[in-house]
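Asks: Same order as they appear, the protein sequences are chains H and F. Taking the numbering used here, I'd label the letters of the first sequence as residues 1 to 263. Taking the numbering used here, I'd label the letters of the second sequence as residues 1001 to 1365.
Any given hint could turn out to be false.
[Stated by the list, open to error] If you anchor each label on the Cβ, the simulated ranges turn out as follows:
no., chain 1, residue 1, chain 2, residue 2, range
1, F, 1074, H, 246, 44 to 52 angstroms
2, F, 1131, H, 179, 50 to 58 angstroms
3, F, 1073, H, 119, 53 to 61 angstroms
4, F, 1165, H, 90, 32 to 40 angstroms
5, H, 155, F, 1282, 54 to 62 angstroms
6, F, 1091, H, 22, 33 to 41 angstroms
It is worth saying that the hints were derived from the structure and are not from the lab. We put the CB at the ideal spot given by N, CA and C, even for glycine.
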Amino acid sequence: MNSLRTPFGATIALLSVTALLYLIIPIAVVLIAPLGETGYLSFPPKGLTLKWYQAALADSRYVDSFLNSLWIAGWVTVIATLTGVPAAYALSRHAFPGARALEALFLSPLILPTLVLALGLALWFNRMGFVAGTPRLIAAHLVLCVPYVIRVCLPVFRRFDRSLEEAAANLGARPLHAFVLVMLPVVRPGIAAAATMAFITSFDELVLALFLADPARPTLPVTIYSAVQLGFEPTVAAVSGLLVLLGTALLLILQWLNRNASQ
Amino acid sequence: MTAEAEIRLDALCKHYGATVAVHEVSLSIAKGELVALLGPSGCGKTTTLRMIAGFVEPTSGRIHVQGRDITRLPPYRRDTGMVFQNYALFPHLTVAENIAFGLARRGLARGLIRSRVSEMVSMMRLEGLEDRLPQRLSGGQQQRVAVARALVINPTVLLLDEPFSNLDAKLRESTRVELRRIQHSLGLTSIFVTHDQQEAMAIADRIAVMDGGSVVQVGRSADIYERPASRFVAEFIGQASFLSGRLSSIAPDGDHQFVAPGGEEITVPASRCDTGLGTNLPCTLMLRPEGLTWTSAGTPQSLSGTVDELSYQGPFVHVDIRLADGQHLLMEHRSAAGPAPARGEAVGVRIDAEAARIFRSTTTA
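The shape of chain H in the complex, shown without the other chains (with noise of 0.2 angstroms):
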């Protein structure tokens, strides 16, 4: 606190606060502008209703899309995360030839622009005649979620100490029990954060959505991309203030149940 009083110190601190409100604000707005009574969105919203935040709770359009967000992403974060753990895994133990070069490409649709891989993807399943629905949005969110799991997984596996794994080996267990009593507990945290990195991108992914779902199931992205080009109704923003509220919760049960496994 001490360096607050020099220059350098006060500097410092006054970056982070303007940093940390150029974050917070945004999101404020979004929980903010839809109290407002108004039909349109304004800030500071005028007068004070839950009604806007109850339209969206009652409009199906709402209502399905989320679910069917919900339903891609949990499959594609089970996919996901039964491929790139051991993916992750055999990358961190194997020098076999190519590892490398396995492992650039597998990191691959990280650096590629999505609009790049959904035009590709689009034009490949077409031809390949894979028709429009949730099975193909499933497959080509894995194409995205996968390098994510193995991108999160393989440093957390890299510094595992292998000399639990020998002594859970000396000690009589065979290689699986070893894994699955010693590795998996130990790197446990890693995987969580990869499954979820693997279920926020496919449950907040648009450009792909847009390309490969079928119109007539759209995900939740799609739906408030769709409603926001036709006007700023504040349904859209009550929609989204319910995502960061989902998503605060989500974040605290997880730090819940994290501060409860490390006790």
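Using the hints, position chain F against chain H.
Replies: Just chain F now, with coordinates in the frame of chain H:
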């Protein structure tokens, strides 16, 4: 001893490409014996231990435990208990769960596991810590949990990889005495790896000194200290001075006559000399600091020089003596015998042939 050897290593080799980590290590260890693999880092001692545990597959050679060839057995079938250098305690399991791990893998009944764990907890003085996670234990407690976890499975051999290196000096001493006591009372065959020669001498029944992947000498602490097989062993174990010189003659009774560059002559019996030494060839005289006594300059079997440096050690003073030819000699002066000579003083030291040894000169000498 080979017949009833509990553990037998037969020409064990480990090569990594062109690099030789372990070269033809053969060693027999009797039941209940505590053997130290001693050497500088990179000498192959840890690799040898890891081959016995099954973590490293030997390039060639055999490992027999109780007459059974276990060379190709996976680690989880070997029945060796290992204490890792970093202890490798499972961070997500409590002390009791860590200790129970090996018993649970052996499919023991819950009640039996519980009683064996509590037995081990009291033997290793871990009472009250059963429900703690490893990260909330002190270094000494972690080390005891690691030992308990390895002992509880009743291993045929206990393997210890630098088990004391992460403890502070005071704790290290008491811990090794305690480990020695437990090892004795259980009659447990043990192999431990260390780079600390004092530690090895203090607790091992026998020491295998390793260098460059090979065992260069095996024997009891006293054997190795008093009769080092090479200059490397003499240098690595205990303190010693090495003087270059030559042999003037070898008497018919075997007495070797060493001539220092200053002209003084020292007689060393054949039993304390390398074989194949020849007169007038250069050689090295090794002297242990405690084998030297003060004498007046010029008496037979003595060297003379001036005191260069003194370092007080409590029960004795280390005196660094510079000989006329510039070579240095380390002498141990017992504090109880009165004050040590002052710096710059001219002194003579008598050599006790029993603490001396003559080696062939190597290129490094």
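Asks: Against this structure, judge whether each hint is valid.
Replies: Here is how each hint holds up against the structure:
1. Checking the proposed 44 to 52 angstroms range against residue 1074 of chain F and residue 246 of chain H shows it holds: the Cβ atoms sit about 48 angstroms from each other.
2. At about 26 angstroms, the CB distance of residue 1131 of chain F to residue 179 of chain H disagrees with the hint of 50 to 58 angstroms.
3. The given range of 53 to 61 angstroms is respected by residue 1073 of chain F and residue 119 of chain H, whose C-beta atoms sit roughly 56 angstroms from each other.
4. A beta carbon spacing of about 33 angstroms between residue 1165 of chain F and residue 90 of chain H agrees with the range 32 to 40 angstroms that was offered as a hint.
5. Between residue 155 of chain H and residue 1282 of chain F the C-beta distance comes to about 57 angstroms, which sits within the given range of 54 to 62 angstroms.
6. The given range of 33 to 41 angstroms is respected by residue 1091 of chain F and residue 22 of chain H, whose C-beta atoms sit roughly 39 angstroms from each other.
Violated hint: 2 only; the structure is consistent with all others.
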